[in-house]
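K.L.:
Protein chains in written order, with this note's numbering: chain A, 9 to 323; chain B, 772 to 960.
None of these hints come from the bench; they were simulated from the model.
Accuracy of the hints is not assured; some may be wrong.
Unchecked claim - Simulated restraints on C-beta separations: (1) Q859(B) x W64(A): 47 to 57 Å; (2) V83(A) x Q841(B): 25 to 35 Å; (3) N798(B) x W52(A): 25 to 35 Å; (4) G253(A) x Q892(B): 21 to 31 Å; (5) K312(A) x D830(B): 41 to 51 Å; (6) S296(A) x A851(B): 48 to 58 Å; (7) K858(B) x Q75(A): 42 to 52 Å; (8) Y307(A) x R938(B): 28 to 38 Å; (9) P819(B) x G253(A): 39 to 49 Å; (10) Q923(B) x Q75(A): 46 to 56 Å.
A quick note: this is a predicted structure, and the numbers were derived from the prediction, not measured.
Ideal placement from N, C-alpha and C gives every residue a C-beta, glycine not left out.
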Amino acid sequence: MIGFILFFAWLGFGGDYIWAMSTGHHPFPWLGILLTIVAIVTAWYSYKTGPEKVLWATGAHELIDPQTDAERQLVNVVEEMAIAAGVPRPRIWIVPDDDPNAFATGHDPLDSHIAVTQGLLRICNRDELQAVIGHELGHVKNLDVRLMTTLAALVGAVLLVRDGMGRMMGRGRLGRDTGRRAKDAGPLVAILLALWVISWIIAPLVTQLLALAVSRRREYLADDMSAQFTRNPLALASALEKIEGAAAPTESIKRGAAHLCICDPLGRRLTNNEGWLADRFATHPPMSMRISRLKGMGYAQLKKEGGSFTSSALG
Amino acid sequence: MWVVLILAVVIVLWVIAAYNGLISLKNQTVNAFKQIDVQLKRRHDLIPNLVNAVKGAMDFERSTLEAVIQARNQAVKVNASGPDNVKQISQAENALSGALSRLLVTVERYPELKATGNIGQLQEELTSTENRIAFARQLYNDTATQYNTKQQQFPTTLVAGVAHAERADLWEIEDQAERAVPQVDLSRR
Chain A
9 MIGFILFFAW LGFGGDYIWA MSTGHHPFPW LGILLTIVAI VTAWYSYKTG
59 PEKVLWATGA HELIDPQTDA ERQLVNVVEE MAIAAGVPRP RIWIVPDDDP
109 NAFATGHDPL DSHIAVTQGL LRICNRDELQ AVIGHELGHV KNLDVRLMTT
159 LAALVGAVLL VRDGMGRMMG RGRLGRDTGR RAKDAGPLVA ILLALWVISW
209 IIAPLVTQLL ALAVSRRREY LADDMSAQFT RNPLALASAL EKIEGAAAPT
259 ESIKRGAAHL CICDPLGRRL TNNEGWLADR FATHPPMSMR ISRLKGMGYA
309 QLKKEGGSFT SSALG
Chain B
772 MWVVLILAVV IVLWVIAAYN GLISLKNQTV NAFKQIDVQL KRRHDLIPNL
822 VNAVKGAMDF ERSTLEAVIQ ARNQAVKVNA SGPDNVKQIS QAENALSGAL
872 SRLLVTVERY PELKATGNIG QLQEELTSTE NRIAFARQLY NDTATQYNTK
922 QQQFPTTLVA GVAHAERADL WEIEDQAERA VPQVDLSRR
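Same shape as in the complex, but just chain A (with noise of 0.2 Å):
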């Protein structure tokens, strides 16, 4: 978020001092302190209505009044995990697309969102769907939900931002003539120039970076977290796997929301490779690996209570 920020500050700021340089007057940083606060008013905007944002953008309803069996064994499964993680009961929604998918939103525990869609109830059993709970609610504890929320929309806005400030210097004369004067002006504002049309470039980029590391880190995490409230890491693996065998792309979950969800939503097979390129760019880590290590998670515990694996243990 402070990073955010920072980064907004150094675009504007930047932007004058280079101005201010090749210019050879010193104009008032209007650019700098404008980008500022564009910057903490989105940020604050999106940490205020981020949750609501993330829920209408995937068109989930809430569960208020669960009429079938399958909604109200959601709303058992999410007491009981609440239960367990020792938090507040959030807010059940669900999202009505049939690929199975589900994600946590919210500010804090006391305030938290649990959104599955109509395929996730479908395709799993009571065990399963209450492992994929356990995970969102390792989320709602760990506070991963104000933080990724709030990534979710600030990648958004960078973009916005990006799109149109760019418009504006394109048809503007501030492109051309600062370019042009730079070059008189010596080598140091060139590079400081140079550094800063990069940052200009690779802002989203940089933004979904963060957010994507933030989002690899914690999945382990919460993954971990789910095998703690259940007891069952078995029941979390065949849940992925079964998620994954499904892995038709999440329509109604978009790119900004991503990761959010309990898989990647988009269906992109870079999530099932691994290797530095995929590391950097999946929002979740593949597949293939958390599964292996739920599974040792789970072996390790059957073997301690002396029990033998059999099929039955994935349900």
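With chain A held as given, fit chain B onto it using these hints.
P.N.:
Chain B alone, transformed into the frame defined by chain A:
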């Protein structure tokens, strides 16, 4: 001189932080214990309704239902006698858990029963109720373990006396029969 002063400030700050950490964990432990109570009460209130709802469909299994009601009434009675009877309370609650799990097994035995909506709902509610109690106990045990570990570890153990930190007992299954019959099998639907 300055070094000593700074050192003193650092030590005082650490003592405050450690003390507050212990107090916070202590209150969390107490709260987690109360949560078990809340869930047990919820079960007591729920059972009569549930049994009434399925009485008609399960007329031929009257004895199983009656056993549940009886165990429930016994648990309510013991609970009313005061919170000091921890041993008796847990015995009564364990008996109730046993009666409920027998009811669930009975329902399993009649697939045609499960087809009627009421029974499916009963099964779900019973599973959920038992899960809630189990998860409340699990949370208590996890929190209490954290609290116990913290107060025994060096150097927090130095302020444990000031914070009146005492070892919290973990919740254990006393009934050997309950330990032998894992409830998990029933919930795997």
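K.L.:
A separate judgement is required for each hint: does it hold in the structure or not?
P.N.:
Status of the hints after comparison with the structure:
no. : hint                          : in the structure
1   : Q859(B) x W64(A): 47 to 57 Å  : holds (53 Å)
2   : V83(A) x Q841(B): 25 to 35 Å  : holds (30 Å)
3   : N798(B) x W52(A): 25 to 35 Å  : holds (33 Å)
4   : G253(A) x Q892(B): 21 to 31 Å : holds (30 Å)
5   : K312(A) x D830(B): 41 to 51 Å : holds (44 Å)
6   : S296(A) x A851(B): 48 to 58 Å : holds (55 Å)
7   : K858(B) x Q75(A): 42 to 52 Å  : holds (43 Å)
8   : Y307(A) x R938(B): 28 to 38 Å : holds (33 Å)
9   : P819(B) x G253(A): 39 to 49 Å : holds (43 Å)
10  : Q923(B) x Q75(A): 46 to 56 Å  : holds (51 Å)
The structure is consistent with each of the numbered hints, conforming to all of them.
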